[in-house]
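Here the protein sequences come in this chain order: A and B. Counting along the first sequence from 1, when you hit position 260 you're at 260 in the numbering used here, and nothing is skipped either side. Every position in the second sequence, counted from 1, becomes a number in the numbering used here once 1000 is added.
Read the hints as simulated data drawn from the structure, not as lab findings. Please read all numbers here as calculations on a predicted model, not as lab measurements. For glycine and all other residues, C-beta sits at the position ideal for the given N, C-alpha and C.
To be clear about the criterion: a stretch of chain B counts as covered by chain A if any three or more of its residues have a C-beta under 8 Å from a C-beta of chain A, and this derived list gives those stretches: (1) 1031-1037; (2) 1040-1048; (3) 1067-1078; (4) 1083-1091; (5) 1199-1210.
Simulated pairs of lysine-lysine, PhoX-like, Cα-Cα distance not exceeding 25 Å: (6) 1203/B <-> 102/A; (7) 223/A <-> 189/A; (8) 1022/B <-> 1203/B; (9) 1048/B <-> 1022/B; (10) 1048/B <-> 102/A; (11) 171/A <-> 189/A; (12) 223/A <-> 185/A; (13) 316/A <-> 68/A; (14) 168/A <-> 185/A; (15) 168/A <-> 223/A; (16) 150/A <-> 296/A; (17) 1215/B <-> 1146/B; (18) 102/A <-> 1055/B; (19) 1215/B <-> 38/A; (20) 168/A <-> 193/A; (21) 223/A <-> 171/A; (22) 68/A <-> 1055/B; (23) 1055/B <-> 60/A; (24) 1203/B <-> 60/A; (25) 1055/B <-> 1022/B; (26) 1179/B <-> 1146/B.
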Amino acid sequence: MLVLGIETSCDETSAALVADGETILSSIIATQLDLLRKYGGVVPEIAARRHTELIGYVIKEALDTAGKTLDDIESVAVTSKQGLIGCLLVGVAAAKSISYAKQIPLIGVHHIEGHIFANRLSHPDLPVPHVCLTVSGGHTMLLYVENDCKYELLGTTLDDAAGEAFDKIAKFLGLDFPGGPVIDKLATKGGIKAFSFPRPMIRSKTLDFSFSGLKTSVINMFKDRVARNEALPLADIAASFQEAVADVLVGKTMRAAEERGVAAVSVTGGVSANSRIREVFRETCRRKNIDVFFPKLSLCTDNAAMIAAAGYARMKMGEVSDLRLNVFPNVPLEG
Amino acid sequence: MMVLGIDTSGYANAVGLVDDEKVLADSTYAAKTDSLEQIVANIDSTLKSAGLALKDVGGIGVGLGPGSWTGIRVGVTVGKILAFSTGKPVAGVPTLQALAYGARHESSLICAVISVGTGDAVYAALYRPENNAVRRIGEYYVGDVKGLTALLTGPAVLVGNGSQAYTRIVKQESGMNIKAVEATPGGAAVACLAEQRLELGEKDDVLSLTPLYLKESTAKAFVNKYKSSHT
Ligand SMILES: [Zn+2]
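Bound conformation, chain B alone (with noise of 0.2 Å):
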């Protein structure tokens, strides 16, 4: 199945298209703070450089982040809408996934990181590689990059924009092996695990899809912790 994926999680749009888990296209376009303005007509030149138009597409993969909120709410409206305006199936991938799915030939473990933009804290996951897919082990990780050594348990390896850096300060808090990955989520990653969902009959709903914040927004975290306090 031909598959356009898109990922504006971070400052840069990915756009990719596969078919058959054969890459056709992954472009990586700048765009810092400028997602929203760029993407469509990002999409439009990756279709005509293949040499297709989007009614060639058999469906759309969406990376749900995590990331800037902002990115991935262009994203997550421009994947679901474009597939409710042309009736073609949607499936978001975590964004953490497609990294990790970028790293999918190492031997051992992938741990996922995308800074979460203030200070040294991230959005992080570990992955397992198994025969062309990765799977996650564990819960998602938000929190400081120290804390990474808690998710780690062995040698693995650190993919993500700012790896070195990252690689660092664990190696540093735990003298433990880790290979760094530089790497942004790819559009043709999320357009290969969006297409292994869709082939599978795993569908997202159009309407409903909403992205992957992993943190509630700092007014509802307050308000929240608030109310525990005073019940």
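Excised from the complex, chain A in its bound form (with noise of 0.2 Å):
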């Protein structure tokens, strides 16, 4: 089956056609990088202007870059909730607009899911029941996959997400918008204990997360150098800070993994692209004798891909959504 999928529910503008939920025919990704390098973030009115001036020539690219029509396409699957309400009812405007005239089933899936499905995209081999870790600048989530389309919440973040911490921290830092990939790349030149930072609630018997603590000590360290005249090693506070972050994700991921006594994880959404984050679920998995799985990079990020993918899922359990389907900015993953 042919899947047209959707993509609107942040700050980029999606479409992609996979096959049978698993074959990539086509993803097109149009980003409003230069509109949030200019405000330093999402504006919500501003996205949503652009994601309705882009909606209709990514759609088409997506269908041009597989060769196909939309006389081939056999369902639409779009992003319904979570997210940006204003940005969502684009994707979804146009996505009810396809299936009314084309007369294909049309599903509405959640953002989280999608992110699940990336790695189910990128992994067929992914065994389930698994813990996955869902973490971006919008969310910080860790979910028990009993099976594709089944999820248990096991815990979440108190505060800000951990993409959201990177953001900040490097505007704090002077650094360019989005913080994730500048960080990233900064820190490899710098020292991973030239700071002592937190590790919030890594000790904490639950699975939720907090990244605030450790955004305000950076900060506070950081005003502290200023006052006392001290260098500041801009290398050395990311490493040190982006360390911090990595063992609070993937010292959590562990306690959930040995709690629900599964031998796989996956990794997934915006954060799960960062290397040493990456590094670090890759030797401590290895020690712990538990296969880890990263989506391929182009899957990491906000894509319309995924969003085939899991409304394919969704779809092959009989579930179809009616013209009537709307957007939920804020709902938990159901099943």
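With the hints as a guide, bring both chains together as one complex.
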């Protein structure tokens, strides 16, 4: 079954064609990065306007790249849950128009479920059950994946998302936006033990996260050094901060894997592209004899291919949406 | 040419069907905050009520706004993606023009007014009726309703949702002879104006069609102001 996926939940306008939930024929992502840099983050109204401008072009490009027309499409999957409401509705309005005009099934997908399926798309052999850490600028969640489309939330962030902490620290240090890739690159030149930052909640019994204390600690240290006229080794700060985030993410994920007795973990979302975080996961998992899976780099950040894959899985279970499909900016992942 | 017209710029989904200026359907569905949820189903029931299907339509007209920013994004996206999916031509119509078109049989000038949604601010434009059409005179207006006195030079009808209240304010300010016509933008009016454009060969590009916001988002306006005062 050839599925057209559409994703507009935040700052990427994306469309993709995926066959049978596993073969990506095209994956087009129009990023609003230029706007984000200009405004230092996502401005919902500006992002929604840009989605409206781009949505037609992105869908056409996805069809042309795959050498297909809308007549070849057998169903449309679209992010309808979790994200900025004004952004989500552009994708859903487009998807239901195609569904109605072509008389093909429509399926609304939860954005987080899309991220989980980024790993399924990258690794058809991904075992279930496993523990999944999905981590980006918008969320940080640990899930027990019983099988495709059946999840249990184990823990979530109580304040900032991990990616948000990267962005805020980068902004504070006067670095570029988004902060993740910039800090990742800068950190390769710094010492991971140059500063000792806290690992918030790493010993707590819950599987929840908190990153605001770490952020405050970095900022306070920076201000102290400024006040004392001491040198500000940005690469060291970046490396030590990133190491603290990696330790917390890996520590919590390992605890979840042990509690649930699984031999595999998957990491997904924008932060899963971070090279040091991948490295710490690989080292730790090797020691503990646990398999670890990451999506292809192109599937880490928001993309429509993962939405098409998740939509296909839902449709295989007999789920479809009707033309009254609405958007829900904040709902838990069901199933 | 049979044209489907849609407008979701206000607190209703307007859907109309015309064929050679003959109105086949003109429906208004209440949709306070659920334009997105209802619009495609509204289009379907309007078509069915006329015994038609989407494939029978020759072109699509869409109200571009101004109005609710969320609302016009829904309408414009649905209009252009329906056109893209069916290969039919699309024509955008300013919602203020569709409002004025509804009052085209008036003999005086027509001032179409739409609430911005905050305080007494309005979007407005002045139109002259001209053989079954309306032509805009001057620029679009965005500002306090009292400022409409500068737009109006003589007798006029003020058409829009809430026009009674606007008329009272304008009369108080200027003492001018203004008549109020209470109306919301109609789907058939959008369809008629789109049909006129399409028959003149003035179709819009289906991919690049965008709403007529008439106002920058607050964030952008702030950044621009900041920049201009620092250069
Ligand atoms: Zn995401």
